[in-house]
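Number of protein chains: 2
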Amino acid sequence: MNQNQECRKHAPIGVFDSGVGGLTVVREIMRQIPNERIVYFGDTARVPYGSKSKDTVTRYSRQIVRFLQSYQIKTIVVACNTASAYALDDIEKETDIPMIGVVKPGARTAAEVTKNGRIGVIGTEATIGSKLYNQYIKQLNTNVQIYGKACPLFVPLVEEGLWQDPVTDEIATRYLTELIDIGIDTLILGCTHYPLIRSTLGRIMGEAVTLVNPAYETARELKDMLQCRELLNDKRPALGENQYQFYVSDMADKFKNFANSIIKYGILSAKTVNIEEY
Amino acid sequence: MNQNQECRKHAPIGVFDSGVGGLTVVREIMRQIPNERIVYFGDTARVPYGSKSKDTVTRYSRQIVRFLQSYQIKTIVVACNTASAYALDDIEKETDIPMIGVVKPGARTAAEVTKNGRIGVIGTEATIGSKLYNQYIKQLNTNVQIYGKACPLFVPLVEEGLWQDPVTDEIATRYLTELIDIGIDTLILGCTHYPLIRSTLGRIMGEAVTLVNPAYETARELKDMLQCRELLNDKRPALGENQYQFYVSDMADKFKNFANSIIKYGILSAKTVNIEEY
Chain A
0 MNQNQECRKH
10 APIGVFDSGV
20 GGLTVVREIM
30 RQIPNERIVY
40 FGDTARVPYG
50 SKSKDTVTRY
60 SRQIVRFLQS
70 YQIKTIVVAC
80 NTASAYALDD
90 IEKETDIPMI
100 GVVKPGARTA
110 AEVTKNGRIG
120 VIGTEATIGS
130 KLYNQYIKQL
140 NTNVQIYGKA
150 CPLFVPLVEE
160 GLWQDPVTDE
170 IATRYLTELI
180 DIGIDTLILG
190 CTHYPLIRST
200 LGRIMGEAVT
210 LVNPAYETAR
220 ELKDMLQCRE
230 LLNDKRPALG
240 ENQYQFYVSD
250 MADKFKNFAN
260 SIIKYGILSA
270 KTVNIEEY
Chain B
0 MNQNQECRKH
10 APIGVFDSGV
20 GGLTVVREIM
30 RQIPNERIVY
40 FGDTARVPYG
50 SKSKDTVTRY
60 SRQIVRFLQS
70 YQIKTIVVAC
80 NTASAYALDD
90 IEKETDIPMI
100 GVVKPGARTA
110 AEVTKNGRIG
120 VIGTEATIGS
130 KLYNQYIKQL
140 NTNVQIYGKA
150 CPLFVPLVEE
160 GLWQDPVTDE
170 IATRYLTELI
180 DIGIDTLILG
190 CTHYPLIRST
200 LGRIMGEAVT
210 LVNPAYETAR
220 ELKDMLQCRE
230 LLNDKRPALG
240 ENQYQFYVSD
250 MADKFKNFAN
260 SIIKYGILSA
270 KTVNIEEY
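First to last, the protein sequences are chains A and B. Quick note on numbering that gives the first Met the number 0: the first sequence kicks off at 0 and runs consecutively. Quick note on numbering that gives the first Met the number 0: the second sequence kicks off at 0 and runs consecutively.
Okay, chain A solo, but in the shape it has when bound (with noise of 0.2 Å):
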């Protein structure tokens, strides 16, 4: 192995999303391979994506890319679903770097531990209205249906904190209802927000039903595709390095606490980055 490699196996992985959900990938990244530096862009200037469209999503999707190109990353991960679902395919195209996106590990999974062949997949309005979960799992199995729903309300109600809450249950029943009455045996958590609320979600839709969680599938597959390709980095920083990096478009301290609500790591800081110049 030249000294090219040995510098790449260092360099950092790009993580993006909207804003603070796609911490919940963060927070397994670093579960499963502590050893890697990681740098984050949360666009809190211009959240929520999952209501924007394709191309509004794409363009943006476009500037944090060459933001996070500036950090020498080598690999970006969409840890957004929209993002996942309208941009990837365009912005991975446009550069060297490998990408992986939310939606295929969820997608893939999902295929795999469906027994009676009907999948829900439950996201933004954006997410849902693609049909990309759809498409992806369709060409894996033939033999299923998917049935998606957006379900709107479920940020704005863990970004208010009320992951435990009898009307985060009121709403979560409302959603729900039509999936439970088809009788799917897995759900897709087709949202980065959505496993902060994986407990309400579990006992709404009963044991028989098995969540996916596409953070856990996606840090996985990262995990794989780093090995594969002999990236993964094989000593921890020292102590004192500035393993984990965020940044953020607006309301630095605001993503602070909700990220220490989430990361149990502690984040030290969060810069504000002005996206719209890149």
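Hint data in this document are derived by calculation from the structure and do not stem from the laboratory. Note that the structure is predicted; figures quoted are calculated from it, not measured. We put the CB at the ideal spot given by N, CA and C, even for glycine. Treat the hints with care, as some may be off.
[Said to hold, decoys possible] Far from chain B by the CB rule (all over 10 Å, computed), these chain A residues:
hint	residue
1	E5
2	I32
3	R45
4	V46
5	S50
6	T55
7	Y70
8	E93
9	I96
10	R107
11	R117
12	K137
13	T141
14	G147
15	W162
16	G205
[Said to hold, decoys possible] So, partial list: chain A residues that the calculated Cβ filter (under 8 Å) puts toward chain B:
hint	residue
17	S52
18	K53
19	A149
20	E159
21	G160
22	D168
23	L210
24	M250
25	E276
[Unchecked claim] For each label pair, taking beta carbons as the anchor points, the in silico distance ranges come out as:
hint	chain 1	residue 1	chain 2	residue 2	range
26	B	N34	A	E276	32 to 38 Å
27	A	R197	B	G201	48 to 54 Å
28	A	K255	B	N34	47 to 53 Å
29	A	K255	B	N259	37 to 43 Å
Add chain B to chain A, keeping to what the hints say.
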């Protein structure tokens, strides 16, 4: 009166908001001064403003002002509480066009109608955090106490269409209980979405509390200002003329549907603009 002044009378009024909320202000302008032309811009690609910083909201507002100026507007109504609170003071210094925000008219009415001197203000985090309502009310009436309460879930609940719903009742009760306990007699609906859940808010606050709708007060003040400057349009635009024009930065179809639920007039079209280019 010269021809130039006569021309300016017939020029449109520019109105902008972070998204659809400003349509409650448009609705009041249509009712109170039905001869006026309106050019509306809703920043649906970057909505919401209420959780963003002063710098970001000011930068966005500046771009929108440049866009509206391309329509030779005679005045600008900042139909967004957050932009009125954060950006208006800066942007009105940068042009000769007279501007009106929604904060001052609401503040003035509240200062006039309170009897016990206890005024509540509800709005987004940004509006409440800015304390701008407090500042204006105190300038007019030093003998009052102002109690602000951020209600971040109201906007998503309104946009989800839950205008009359037990969940909205429950969330409103939680947000408003502390204002009821304080014994306020006046409540400012400090976000343009809130007039749409006015009946819920009124029921929870009780008959003794006066609700102040800044959208209504702003249209009234706009009429006075135009009258005073001899800029009120005295001729109704001819049938077939495009009296109302709507522009958004994203998702024009969704905007049109929501707009048609607020404005009974019937919005024929909304066009998409790339606002970052302004």
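Hints, verified against the model:
1. The claim that E5/A lies off the interface holds: its Cβ sits roughly 40 Å from the closest Cβ of chain B, which is beyond the 10 Å cut-off.
2. The non-interface label for I32/A is consistent with chain B: the shortest C-beta to C-beta separation is roughly 32 Å, beyond 10 Å.
3. The non-interface label for R45/A is inconsistent with chain B: the shortest C-beta to C-beta separation is roughly 5 Å, within 10 Å.
4. The claim that V46/A is not at the interface with chain B is violated, since a C-beta of that chain comes within 10 Å of its own (minimum 8 Å).
5. At the 10 Å boundary, the C-beta of S50/A falls inside the reach of chain B, the nearest C-beta of that chain being 7 Å off.
6. The Cβ of T55/A sits about 5 Å from the closest Cβ of chain B, inside the 10 Å cut-off, so the non-interface label is violated.
7. With a minimum CB-CB distance of about 23 Å to chain B, Y70/A clears the 10 Å threshold, and the non-interface call stands.
8. Every beta carbon of chain B lies more than 10 Å from that of E93/A, the smallest distance being close to 19 Å; the non-interface claim holds.
9. Every Cβ of chain B is farther than 10 Å from the Cβ of I96/A; the closest lies at roughly 25 Å, confirming the non-interface assignment.
10. Consistency note on R107/A: stated as away from chain B, and its beta-carbon is indeed over 10 Å from all of that chain's, at 30 Å minimum.
11. Taking the minimum C-beta to C-beta distance to chain B, about 26 Å, the non-interface status of R117/A holds against the 10 Å cut.
12. Consistency note on K137/A: stated as away from chain B, and its beta-carbon is indeed over 10 Å from all of that chain's, at 27 Å minimum.
13. Residue placement check: T141/A keeps its beta carbon more than 10 Å from all beta carbons of chain B (closest about 32 Å).
14. For G147/A, the requirement that its beta carbon stay farther than 10 Å from each beta carbon of chain B is met, with the minimum near 17 Å.
15. Interface exclusion of W162/A from chain B stands, the closest Cβ pair being 14 Å apart, more than 10 Å.
16. No Cβ of chain B approaches the Cβ of G205/A within 10 Å, the least distance being about 22 Å, so the stated non-interface status holds.
17. Interface restraint check: S52/A against chain B, minimum CB-CB distance 5 Å, threshold 8 Å, status holds.
18. A distance limit of 8 Å between C-beta atoms decides the matter here; for K53/A the minimum to chain B is near 10 Å, and the interface restraint is violated.
19. Look at A149/A: its Cβ only gets to about 10 Å from chain B, farther than 8 Å, so that hint breaks.
20. Because the smallest distance between the Cβ of E159/A and any Cβ of chain B comes to about 6 Å, under 8 Å, the interface hint for this residue holds.
21. Because the closest C-beta pair between G160/A and chain B is about 10 Å apart, greater than 8 Å, the hint is violated.
22. For D168/A, the suggested interface contact is broken, since its CB lies about 10 Å from the closest CB of chain B, more than 8 Å.
23. Violation of the interface hint for L210/A is found here, the shortest Cβ-Cβ separation to chain B being roughly 23 Å, above the 8 Å cut-off.
24. The interface hint given for M250/A holds, since its Cβ lies 6 Å from the closest Cβ of chain B, which is under the 8 Å cut-off.
25. Taken as an interface hint, E276/A does not check out: its beta carbon lies about 11 Å from the nearest beta carbon of chain B, beyond 8 Å.
26. Hint check: N34/B to E276/A, Cβ distance near 43 Å, so the stated range 32 to 38 Å is violated.
27. The given range of 48 to 54 Å is broken by R197/A and G201/B, whose C-beta atoms sit roughly 38 Å from each other.
28. The beta-carbon spacing between K255/A and N34/B, approximately 51 Å, falls within the hinted interval of 47 to 53 Å.
29. At roughly 41 Å, the beta carbons of K255/A and N259/B sit within the given window of 37 to 43 Å.
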